[in-house]
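**Student:** Using the sequences and the hints, build the whole thing.
2 protein chains.
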Amino acid sequence: MAGPLPVSPLAVPLPALPPIAGVRLGAASAGIRYQGRTDLMMAELAPGTTVAGVFTQNRCPGAPVDWDRAALKGGKARALVVNAGNANVFTGKAGEHTVTATAEAAAALTGCKAREVFLASTGVIGEILPHERLTAALPALHASLGEDGWEAAARGIMTTDTFPKAATREAVIGGETVRITGIAKGSGMIAPDMATMLCFVFTDAKIPAAVLQAMLGKSVETSFNRTTVDSDTSTSDTVLLFATGQAKHKRIAAGDTAKLRDFALKLSEVLLDLALQVVRDGEGARKFIRIDVTGATSTRSAKRIAMAVANSPLVKTAVAGEDANWGRIVMAVGKAGEPADRDLLSIAIGGTWMARDGAVVEGYDEAPVVAHMKGQEIEIAIDLGLGKGRATAWTCDLTHGYIDINGSYRS
Amino acid sequence: MAGPLPVSPLAVPLPALPPIAGVRLGAASAGIRYQGRTDLMMAELAPGTTVAGVFTQNRCPGAPVDWDRAALKGGKARALVVNAGNANVFTGKAGEHTVTATAEAAAALTGCKAREVFLASTGVIGEILPHERLTAALPALHASLGEDGWEAAARGIMTTDTFPKAATREAVIGGETVRITGIAKGSGMIAPDMATMLCFVFTDAKIPAAVLQAMLGKSVETSFNRTTVDSDTSTSDTVLLFATGQAKHKRIAAGDTAKLRDFALKLSEVLLDLALQVVRDGEGARKFIRIDVTGATSTRSAKRIAMAVANSPLVKTAVAGEDANWGRIVMAVGKAGEPADRDLLSIAIGGTWMARDGAVVEGYDEAPVVAHMKGQEIEIAIDLGLGKGRATAWTCDLTHGYIDINGSYRS
Numbered sequence: 010m011a012g013p014l015p016v017s018p019l020a021v022p023l024p025a026l027p028p029i030a031g032v033r034l035g036a037a038s039a040g041i042r043y044q045g046r047t048d049l050m051m052a053e054l055a056p057g058t059t060v061a062g063v064f065t066q067n068r069c070p071g072a073p074v075d076w077d078r079a080a081l082k083g084g085k086a087r088a089l090v091v092n093a094g095n096a097n098v099f100t101g102k103a104g105e106h107t108v109t110a111t112a113e114a115a116a117a118l119t120g121c122k123a124r125e126v127f128l129a130s131t132g133v134i135g136e137i138l139p140h141e142r143l144t145a146a147l148p149a150l151h152a153s154l155g156e157d158g159w160e161a162a163a164r165g166i167m168t169t170d171t172f173p174k175a176a177t178r179e180a181v182i183g184g185e186t187v188r189i190t191g192i193a194k195g196s197g198m199i200a201p202d203m204a205t206m207l208c209f210v211f212t213d214a215k216i217p218a219a220v221l222q223a224m225l226g227k228s229v230e231t232s233f234n235r236t237t238v239d240s241d242t243s244t245s246d247t248v249l250l251f252a253t254g255q256a257k258h259k260r261i262a263a264g265d266t267a268k269l270r271d272f273a274l275k276l277s278e279v280l281l282d283l284a285l286q287v288v289r290d291g292e293g294a295r296k297f298i299r300i301d302v303t304g305a306t307s308t309r310s311a312k313r314i315a316m317a318v319a320n321s322p323l324v325k326t327a328v329a330g331e332d333a334n335w336g337r338i339v340m341a342v343g344k345a346g347e348p349a350d351r352d353l354l355s356i357a358i359g360g361t362w363m364a365r366d367g368a369v370v371e372g373y374d375e376a377p378v379v380a381h382m383k384g385q386e387i388e389i390a391i392d393l394g395l396g397k398g399r400a401t402a403w404t405c406d407l408t409h410g411y412i413d414i415n416g417s418y419r420s
Numbered sequence: 010m011a012g013p014l015p016v017s018p019l020a021v022p023l024p025a026l027p028p029i030a031g032v033r034l035g036a037a038s039a040g041i042r043y044q045g046r047t048d049l050m051m052a053e054l055a056p057g058t059t060v061a062g063v064f065t066q067n068r069c070p071g072a073p074v075d076w077d078r079a080a081l082k083g084g085k086a087r088a089l090v091v092n093a094g095n096a097n098v099f100t101g102k103a104g105e106h107t108v109t110a111t112a113e114a115a116a117a118l119t120g121c122k123a124r125e126v127f128l129a130s131t132g133v134i135g136e137i138l139p140h141e142r143l144t145a146a147l148p149a150l151h152a153s154l155g156e157d158g159w160e161a162a163a164r165g166i167m168t169t170d171t172f173p174k175a176a177t178r179e180a181v182i183g184g185e186t187v188r189i190t191g192i193a194k195g196s197g198m199i200a201p202d203m204a205t206m207l208c209f210v211f212t213d214a215k216i217p218a219a220v221l222q223a224m225l226g227k228s229v230e231t232s233f234n235r236t237t238v239d240s241d242t243s244t245s246d247t248v249l250l251f252a253t254g255q256a257k258h259k260r261i262a263a264g265d266t267a268k269l270r271d272f273a274l275k276l277s278e279v280l281l282d283l284a285l286q287v288v289r290d291g292e293g294a295r296k297f298i299r300i301d302v303t304g305a306t307s308t309r310s311a312k313r314i315a316m317a318v319a320n321s322p323l324v325k326t327a328v329a330g331e332d333a334n335w336g337r338i339v340m341a342v343g344k345a346g347e348p349a350d351r352d353l354l355s356i357a358i359g360g361t362w363m364a365r366d367g368a369v370v371e372g373y374d375e376a377p378v379v380a381h382m383k384g385q386e387i388e389i390a391i392d393l394g395l396g397k398g399r400a401t402a403w404t405c406d407l408t409h410g411y412i413d414i415n416g417s418y419r420s
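So the protein lines, in turn, are chains A and B. 10 is the number of the first residue of the first sequence in my numbering; add one for each residue after it. 10 is the number of the first residue of the second sequence in my numbering; add one for each residue after it.
These aren't lab readings, by the way, just hints derived from the structure by calculation. All C-beta atoms in this analysis are idealised placements derived from N, C-alpha and C, irrespective of residue type, glycine included. Among the hints, erroneous ones may be present.
To be verified - To spell it out: a stretch of chain A is covered by chain B in this simulated footprint if at least three of its residues, at any positions, have a beta carbon under 8 angstroms from a beta carbon of chain B; those stretches are:
hint: 1; segment: 17-24
hint: 2; segment: 91-103
hint: 3; segment: 119-130
hint: 4; segment: 229-242
To be verified - Stretch-level coverage of chain B by chain A, calculated; a stretch enters the list once three of its residues show a Cβ under 8 angstroms from a Cβ in chain A:
hint: 5; segment: 234-244
hint: 6; segment: 398-410
**Tutor:** Now the structure itself:
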């Protein structure tokens, strides 16, 4: 692209992000690909920090994903290093060398083992990531880390993103308040299969890695895994959750999930908030689309139907054109390959049921539907009339902006 | 759209289409949706004509698809009636009434049973198709049918198509020459799962319906089922193959497939020719893309990988932008969910291997690749290095034209 992309009309403001005990972070310019902006982010984590992670199901993952999968076995983390502009994917031995050298450099600065350093890279695929630029920039970046570096960190990991993404919640564990804050990036190549592009969540809670991992997997399933921009699953999708253990609540015994109910709820809220911010920054997005499926034979079936609608180019272009084309929704429901009975199917847009029991609702009031389609937040409801399965998916419209960004920018 | 769409730059001329003994056809204007063009096609078939068909796997099929599935059980056909502009999908009881009334009207004109009439409709989903307009136009159309009505028929079934599509071959059965001619339509909502939008093939060969059905199923699998425009599987996909039995060769005994070897080959050629014409008329298409996958663990796996690449919006926009972005091809291979080893994967564009064994080919000659990307016919080769599975898929690029057509035209 010539010049920066305009900010998404669906952008939301960055929330206030208070410090989290045990987390110091910041960003710097390493000159990897972009000029005049930060492209290297680092977070240092207090000793004793536990970690959980979920990664892309893409069969051609990037070298940092391989590194993190191995590092995750230790369950402990002391540092996170992320660069933007080069994904270090499909880079063979050179890619492995880059992640090892970067982790070792960060470990030396932090005073920890290399396997306690987590890495992520995002940007162009298939170009060698020159680790010298990363390792050269790390000492000054490390020296500058602070507990107020959240916005800098959120900006430092952006690629085609047009706004920085963060979310924060407080949760109560055993009477003590802990904080959960996450940052994310992502705009295109978004059809997370276990995670999104990049998302990092931090908490001062004191939770064993295994418990953390179980909660993360569950929350990702109903947040990132229910969103799509373009059906293309990235090679770099990574969600990492770090728990510094600096909070005052008592240690959580294995199996004591009742104490974590509020935490799990707030964690899910943070992840969903971030996932929807990624959708709001979908490449070329002008409208935000929510798809509620009910009456399916199972939750799994409802999810597949919701995602088939969310991934349909014909539904997404119809929304872009402000056309309440429910016929295309019927098509997308039918192509999902899930149980569906055409003659029981009902479809609503903006709360107006336009199709019921296999045919158009005669004389339905089109005016509120037309008005709804002109808005920025589009709601599609689909009832299968078969069972109790329900699921919600989120996506954005497909516009000329997507073609512009991806037909002319090697991202 | 205001005004007609410009003809696809990938269009091919209509071939000369000689008569087929036992087939008389033509088209008329029934005023269903379009003005100033034909929108109703009819073919009358000689007594004794056998028929085979494959239909959409979409779970919300149109009323004509339901009708044809039932009619196919008889194995005999005397007439085909097709309208453009309204798909008669998701129209409930009214839709069933329309197909019954249309079939009965055509049967009365032809002098056959209603269940020997085959029907297809294409166009907008969810609007009642007024059968009175069809039945009012049928008598004059029937009176005008002729053995030279091929071009009229091919044009009469178009919707967002920008050129008529036909293919013809001669085949030899038992020393006698027979002819196979097919017409097709399709441009958007193209991701056939058992068939394409609409395709009708006629032959004067004398082949039992069961044998015809087996050959059709096999040919569709390696032609229409290997193409995609936009990953959206239509609710109306229909391929029908009619054999009038007017040719002079001896009747084919069940199991005598050796005699049909040449016929099966030419049938496959006709279907592939038509399938590729549909891709060439893909909505907004500027470039035709062929994807050859080799070295997969199985044919099925190779097909899935080829289709994942063919359906990737990021690969398709990169081709539109003339960017040899093989990193996006890596992503699409990886997201297919099929066995793939990143470190064995090789990718070529236009015959130049750019990536081999999990990394970029150092110093490969970029000039021929750049020149190839500027052309209209793009060739992508992917070798998995795992086994002997191979498959080819075909698609087109994703351009502003697709957004224009589908964001502003209720098709």
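**Student:** Each hint should be assessed against the structure and marked as holding or not.
**Tutor:** The hints, checked one at a time:
no.: 1; hint: 17-24; in the structure: violated (count 0)
no.: 2; hint: 91-103; in the structure: holds (count 7)
no.: 3; hint: 119-130; in the structure: violated (count 0)
no.: 4; hint: 229-242; in the structure: holds (count 4)
no.: 5; hint: 234-244; in the structure: holds (count 6)
no.: 6; hint: 398-410; in the structure: holds (count 3)
Hint violations for this structure: numbers 1 and 3, all remaining hints satisfied.
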